[in-house]
Amino acid sequence: MDYSNFINLKEELSLIAVVLILLLYDIFGSKRSLKYFQPAACLLMVAHIVVNIMPETAASAFGGMYVDTAMGGIVKTILSIGTLLVFMQANNWLKSEQTIIRRGEFYILTLSTLLGMYFMISAGHFLLFFIGLETVSIPMACMVAFDKYKHISAEAGAKYILSAVFASALALFGISLIYGTAGTMYFADIPAHITGSPLQLTAFIFFLVGLGFKLSLVPFHQWTPDVYEGAPTSVTAYLSVISKGSAAFVLMTILYKVFTPMLAQWQAVLYGLIIATITVGNLFALRQTNIKRFFAYSSISQAGYIMLGVIGGTAAGMTGLVYYVLVYMLSNLAAFGVISIVEHRSGKTTIEDYNGLYATNPRLSFVMMIALFSLAGIPPFAGFFSKFFIFAAAAEQGFYILVFIALLNTIISLYYYLRVICAMFINKNDAPVAAFRSDNYTRLSLLACSAGVMLLGILSIVYTKINLFGFGI
Amino acid sequence: MNFLSLFVLIPLLTIGGLFCTRNLKQIRWVVTINASLLLILAVGLVFAFLGERAAGNTAEMLYTAGMVWYAPLNIHYAVGVDGISVAMLLLSAIIVLTGTFVSWKMEFLQKEYFLWFSLLTVGVFGFFIAIDLFTMFMFYEVALIPMYLLIGVWGSGKKEYSAMKLTLMLMGGSALLLVGILGIYYQSGATTMNLLDLAQLHIPGFAQRWLFPLVFVGFGILGALFPFHTWSPDGHASAPTAVSMLHAGVLMKLGGYGCLRVAIYLMPEAAHDLSWIFIILTGVSVVYGAYSAIVQTDLKYINAYSSVSHCGLVLFAILMLNRTAMTGAVLQMLSHGLMTALFFALIGMIYGRTHTRDIREMGGLMKVMPFLGVCWVIAGLASLGLPGLSGFVAEMTVFIGAFANPDTFHRVFTIVACTSIVITAVYILRVVGKLLYGPITNSHYLQLTDAVWYERTAVVVLIACIAGIGLAPLWLSDVIQNSLLPIVGQLAGR
Chain Z
1 MDYSNFINLK EELSLIAVVL ILLLYDIFGS KRSLKYFQPA ACLLMVAHIV
51 VNIMPETAAS AFGGMYVDTA MGGIVKTILS IGTLLVFMQA NNWLKSEQTI
101 IRRGEFYILT LSTLLGMYFM ISAGHFLLFF IGLETVSIPM ACMVAFDKYK
151 HISAEAGAKY ILSAVFASAL ALFGISLIYG TAGTMYFADI PAHITGSPLQ
201 LTAFIFFLVG LGFKLSLVPF HQWTPDVYEG APTSVTAYLS VISKGSAAFV
251 LMTILYKVFT PMLAQWQAVL YGLIIATITV GNLFALRQTN IKRFFAYSSI
301 SQAGYIMLGV IGGTAAGMTG LVYYVLVYML SNLAAFGVIS IVEHRSGKTT
351 IEDYNGLYAT NPRLSFVMMI ALFSLAGIPP FAGFFSKFFI FAAAAEQGFY
401 ILVFIALLNT IISLYYYLRV ICAMFINKND APVAAFRSDN YTRLSLLACS
451 AGVMLLGILS IVYTKINLFG FGI
Chain U
1 MNFLSLFVLI PLLTIGGLFC TRNLKQIRWV VTINASLLLI LAVGLVFAFL
51 GERAAGNTAE MLYTAGMVWY APLNIHYAVG VDGISVAMLL LSAIIVLTGT
101 FVSWKMEFLQ KEYFLWFSLL TVGVFGFFIA IDLFTMFMFY EVALIPMYLL
151 IGVWGSGKKE YSAMKLTLML MGGSALLLVG ILGIYYQSGA TTMNLLDLAQ
201 LHIPGFAQRW LFPLVFVGFG ILGALFPFHT WSPDGHASAP TAVSMLHAGV
251 LMKLGGYGCL RVAIYLMPEA AHDLSWIFII LTGVSVVYGA YSAIVQTDLK
301 YINAYSSVSH CGLVLFAILM LNRTAMTGAV LQMLSHGLMT ALFFALIGMI
351 YGRTHTRDIR EMGGLMKVMP FLGVCWVIAG LASLGLPGLS GFVAEMTVFI
401 GAFANPDTFH RVFTIVACTS IVITAVYILR VVGKLLYGPI TNSHYLQLTD
451 AVWYERTAVV VLIACIAGIG LAPLWLSDVI QNSLLPIVGQ LAGR
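Chains as they are written, first to last, in the working numbering: chain Z, 1 to 473; chain U, 1 to 494.
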């Protein structure tokens, strides 16, 4: 066997090393040394990111089963940064009495899902893709149910695993039909056999449903609000950005690489999906009172915007999507960081509880405001730029009406984002969330997120760098 | 980067400075320095600009500079000014200064207030110096969002409702605009988003016809185009004084300026073909706004509807598509900006004393506050177009230009729009009579005091400018006319 193939798996190997070190540390570490588990995990993640930060050249291993692209490398780095931020925000929650003994598991499970995403991103073969998909789903269900003593968390875990398994089964069925018609599962070989026959169209639909579930595209979004509400806040944050971001990128690469000859068909399907996703997500978000459910619906509509980058099938779309995912990740993690710390310190999770937050916790309110403005696409925050680029990518291909519908939806979304801002800054409250000091991990992560949100748009360097590696159909 | 960018940098630095301030005194110092520097810069720019022009520099935009921002999409940070933007910059600087003085006695959360106020300033100035479509659009949105918090937190009345309505409607406008901008960029096949270069390209006729309404309505919403004007009365009535001043005085001008600079300049063919639709709408704005002002009893609502009418006239004049009327449009923007700022400032001062804005409850104020009373009369006279004040110059130019169109349609609508002058006189004189003359209705008014130094500064500066434009309009209209040449040229060469 040619072991030189493994060198191409640098990113995955270093992540596996992190997982193993943490696993051994968790098992064999003494009670005293386990105090340092959190800093150790964060430092290892930092090391992992630094080692892999340089985008590598395209390479493939194991006869094309594993294909590495420079863009995939960038997405992996983005996802790792997001995971690191989630780790930092999770500290508070993990230190609490019920979870402290299981703390190590959280990191290991999270990193296992991340590993699954890595393999999905670099898959050159449907089998590897499916293994990745499952590696993501199963630990994720454990994470959702992490607060198992809480009824709502356990219930969310059950809901997640049932829907996830069902979606995986559908995707697998789609893959089997493709194999049946094309006779191969290698991404590189399939396009030659794609004719757009009804059977292949069916295969595509099944496959899309499987990934649509991960992305919570409407109408495959039903699990989202319940799971987001029930899961521990840090897990919700992870679900809403990392899991979603990776699924979006994977869907895009597969549509670009595998279903290339069916461009017109999948564009038509996506067209409807995008409109439904953005609109339904927005309309349902309007009436939410629980802030986590609220962000669940907001993230559904954001997934629709992300898909705008896919529909054009261009390199600009890919760049736009990756940049959008990055910005969305930072904005959402900033918001969830605030939600997490507020929930942890005061136990409050409804939007009404945020009334008058500015009077007691001005800094947190500012971070939340920046995050919400960025999500709504208000300049000078990065969200404005990412929305502009993704709209530009769609408009370039002539999807003006779609862009227009999406833009009308941004107005609706602005309405509900402003509701939270109104609560924090304008509304009065007799019993507001008491003033508190956040711990250093949360502070650092919020600082990083807000800095990113404020600077990523104004400094064009990140976008230009990503743009170097984008590829279209 | 050249010195034009200072217009954006100074307020940005002010925001940074405000974060470091510790007490009210420091805050006031910082914002006063900010406003004064901006005014000095604007006045300096006017003289420099006039000097360049006198020296024979006939370039369309002066002091242009740019740097690549987002290379993949050909987005540049590009700045430059012509006579119109210079005039608008000066107007903005004056209103920022007076607005700062008017906000002197802001009661709570002063730091945050001035923070948002400065951000609004960044947006406004950035918009007027930008000549790159993307940069322009970005600054336009930067100017919109602070309004929500400024009205929502510091406003009065049904402020949450008004703030939300204003923000959402204006964002609706910017949504149309964004599609328009993307359309202009991709349909013209441009390799730049620079306005000057885009103007050299020809956008295909069909594309122009669907892009023009998008861009015109997008900007028109901010310019209170009927039927999208409804944010304006509520918004202005609920906003704190200085914000009303800046919003009605400057921000609404972004609409007119954008229509002229983007919609008409880049899409002249469609402007010719479709202007009739918008002439009807703006005609309605002009007359309907004036009639609505008659029946209002809240001072701010009266002035807000009057703004709808006057800003409608700006768009109306732009749509006449000739040089005289467009000159009038720009003059009207300046005149209305100063006038409405003066009105809102005076309303704020009167409200601060009487604690009511309902004209039915007030009377005889001339006796207790003669300074404010006289200023009110001057503002009113400017508004109804008394010769010697700015309103007259602007409206005359507009109507002369509009009537110069030979066909019946334009002439009929010019006459319709002209009637607004009479209606304006009705509501202005009605308010003057109710508010200032007659018996004092409330004995507690006898204890009221007249304006103090910072209020007087603000008011006197504004009145001086109004009279200045009214008495010596020629230098200004010359500058504007020359700057309109490229736009008129586009229209002629379609």
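Each hint should be verified, as a subset may be incorrect.
[Said to hold, decoys possible] Restraint ranges, calculated between C-beta atoms of paired labels, are given here:
id, chain 1, residue 1, chain 2, residue 2, range
1, U, I33, Z, A434, 35 to 43 Å
2, Z, A434, U, G468, 49 to 57 Å
3, Z, N429, U, T449, 31 to 39 Å
These are calculated hints, taken from the structure and not from any lab test. Backbone N, C-alpha and C fix where the C-beta goes; we use that ideal spot for every residue, glycine too.
Here's how the hints hold up against the structure:
A hinted range of 35 to 43 Å holds for the C-beta pair I33 (chain U) and A434 (chain Z), which are about 38 Å apart. The hinted window of 49 to 57 Å between A434 (chain Z) and G468 (chain U) holds, with their beta carbons roughly 56 Å apart. A hinted range of 31 to 39 Å for the beta carbons of N429 (chain Z) and T449 (chain U) is consistent with their spacing of about 37 Å.
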